[in-house]
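> Those protein sequence lines, which keep their order, are chains A and B.
As numbered in my numbering, the first sequence has no gaps in its residue numbers, which increase by one up to the final residue, 213.
As numbered in my numbering, the second sequence has no gaps in its residue numbers, which increase by one up to the final residue, 1262.
Simulated from the structure, these hints should not be mistaken for laboratory data.
Any given hint could be a false lead.
When the alpha-carbon atoms are kept at most 35 Å apart in a straight line, the in silico DSBU-like pairs for lysine-lysine are as follows [said to hold, decoys possible]:
1) K1103/B to K122/A
2) K55/A to K1103/B
3) K104/A to K122/A
4) K1103/B to K202/A
5) K55/A to K122/A
What follows is a list of derived Cβ distance ranges for each label pair [as the list claims (entries may be wrong)]:
6) F1122/B to H143/A: 42 to 52 Å
7) A1046/B to D101/A: 30 to 40 Å
8) T1119/B to E171/A: 37 to 47 Å
9) L1206/B to A42/A: 21 to 31 Å
10) R1195/B to E171/A: 46 to 56 Å
11) Y1231/B to G134/A: 20 to 30 Å
12) Q68/A to P1050/B: 36 to 46 Å
13) A1053/B to G134/A: 40 to 50 Å
14) G1196/B to D160/A: 29 to 39 Å
15) G1150/B to Y118/A: 19 to 29 Å
16) Q68/A to V1078/B: 33 to 43 Å
17) E1056/B to P93/A: 34 to 44 Å
Covered by chain A, per the in silico footprint, the following chain B stretches (three or more residues, Cβ under 8 Å) [as the list claims (entries may be wrong)]:
18) 1209 to 1223
19) 1227 to 1237
Virtual Cβ for every residue (Gly too), placed ideally from N, Cα, C.
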Amino acid sequence: MTISTASFRGTRAGLVFALLLASLAAVAQADEGSAEARAVVASTSEQVLEILRRKESPTDQRLGELQQIAYQRFDFPTIGRLVLARGWGQLSPAQQAEFLDDFKRHLSLDYGRRIDAYTDQKVEVLSDRSEANGDATVRTQVHGANSGLVAVDYRLRKVDGQWRVIDVIVEGVSLVSSYRSQFQEIMSSGGPTRVLQVLREKNSRAPISASAG
Amino acid sequence: MRVGIVRTLRIGLFACLVAGASWQAPARAEDAGASTSTPVADPWEAFNRPVFAFNEVLDRWLLEPVATGYDFVVPDFVQGSIDRFFDNIRVPIDTVNALLQGKPRDAGIAVGRFVVNSTVGFAGFFDPAREELGLEPVREDFGQTLGVWGLGSGPFLVLPVLGPTTPRDAVGLGVDSALAVYPWFVPAAALYSSRGTALVNGRSLLLDQVADSRKSALDYYVFVRNAYLQYRTALVEDRKTTEKQRTEGSEDDDLYRILPGY
């Protein structure tokens, strides 16, 4: 129409172009891998929040759905090895299998317990970066109604073409490190049998449906 | 009064430097997940465990029940307001420590938040600075400041009543309480009741988290030790890494390495 509109359009086109360039540069810098990992975290967060919000569905059903997502998105065999560190080699293959199974259950009970404490939260994915060993770290922020901002970082590893979470770091506190130090303590005082025993006791004391609420 | 602050700072610093020379922060790197070959460095465990057990009894029989009753009676938004009120009067601590850590911008934000929240926010019971202006709370303490200055934390330490800490953070707590300013202007009775309120209110906001942690931890003492040391390390590291960007530390590499042969 008028010259001013045209020039406005021109500037806008220039701006869009500049933004495009900038974002391309950012992608090239950020690495495809960590961007993929970021997408995994973003979509998983959405799925989880959707389930949490659906308060009208029975708790047990929602717990089941959450567990399924966790089994898909978390690399439990890797997490199990990492938390036992050197202790892993002290377990027989049968004990290793038992450990992975019980530890997986322990973690999902742990998360499941909090399902009804959920009050309207939002997850914002902040950034992603590639680590020296090929892992990716995705930083997020959880906005809670009364809890303020909570920093939650995820560390992911690509195994068999799939990015899976191998650690969750809440306000700087890593889950892997937390369990590693606890298992180390139990391992040094009671060995592999004690480790398995403690896990079994924990799991039997917290039946999944009774713990909710 | 200024002389008082300076003197406290000096004494605190001196204590830290003397102590720091001898202990070199073995606990920090260890429990932040690092080396797996050596046992966890907790040289004071024999002292810590019984004190930790004592604090647990104190909490389970006194503080937790009181906080539970309080939580039942007092509505959530009041609990939030009281929490914000006590956060708001922390401003001298946050500001001075932000400055000491070389973060004048954060110090400015702390002061700005105080001005806004003390007036428009009804003496700090509300947080319009965050909700309307997007100014996130600035939370700094002298233990962090010492860490940013390069002082190691020292071994994990559990104090009666005060709970988990390290020598560095214990000294920091002493310095911060001298920086708090308001206790000097408040009569003793009011001070104790305000401290009591802050304690019970703060505990009432953590009822679920603490109960969950007690349930899920395999060894609750080790869980608390690890969480405390990791959390404090992260607070100090973040300050350092904003300047020189994050570079991967050896700690992380070790934490996430699957050992060969297993």
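> State for each hint whether it applies.
Consistency of the hints with the structure:
1. Our distance criterion of 35 Å between C-alpha atoms is met by K1103/B and K122/A, whose separation comes to about 29 Å.
2. At most 35 Å may separate the alpha-carbon atoms for a hinted pair to count; K55/A and K1103/B exceed this at roughly 44 Å.
3. In summary, the hint linking K104/A to K122/A is supported, as the alpha carbons are separated by about 26 Å, within the 35 Å threshold.
4. For a cut-off of 35 Å, the pair hint linking K1103/B to K202/A is broken: about 45 Å separates their Cα positions.
5. In summary, the hint linking K55/A to K122/A is supported, as the alpha carbons are separated by about 16 Å, within the 35 Å threshold.
6. In this structure the supplied range 42 to 52 Å is violated for F1122/B paired with H143/A, their Cβ-Cβ distance being about 23 Å.
7. Restraint check, A1046/B to D101/A: a C-beta distance of roughly 35 Å satisfies the suggested window 30 to 40 Å.
8. Checked against the hint of 37 to 47 Å, the pair T1119/B and E171/A fails, with Cβ atoms roughly 31 Å apart.
9. Checked against the hint of 21 to 31 Å, the pair L1206/B and A42/A passes, with Cβ atoms roughly 30 Å apart.
10. Checked against the hint of 46 to 56 Å, the pair R1195/B and E171/A fails, with Cβ atoms roughly 25 Å apart.
11. Between Y1231/B and G134/A the Cβ separation comes to about 27 Å, which falls inside the hinted range of 20 to 30 Å.
12. Look at Q68/A against P1050/B: about 44 Å separates their beta carbons, and that is inside 36 to 46 Å.
13. Separation of A1053/B from G134/A is about 43 Å and conforms to the stated range, judged on CB atoms against 40 to 50 Å.
14. Taken as a hint, the range 29 to 39 Å is violated for the pair G1196/B and D160/A, whose Cβ atoms sit roughly 56 Å apart.
15. Against the hinted window of 19 to 29 Å, the Cβ-Cβ separation of G1150/B and Y118/A comes to about 41 Å, which falls outside the hint.
16. Between Q68/A and V1078/B the Cβ separation comes to about 40 Å, which falls inside the hinted range of 33 to 43 Å.
17. Take E1056/B and P93/A: their Cβ atoms lie about 38 Å apart, and the range 34 to 44 Å holds.
18. Proximity of the stretch 1209 to 1223 of chain B to chain A, defined as three or more residues with a beta carbon under 8 Å from a beta carbon of that chain, is established by the 8 residues found.
19. Under a criterion of three residues with beta carbons nearer than 8 Å to beta carbons of chain A, the stated coverage of the stretch 1227 to 1237 of chain B is upheld, 7 such residues being counted.
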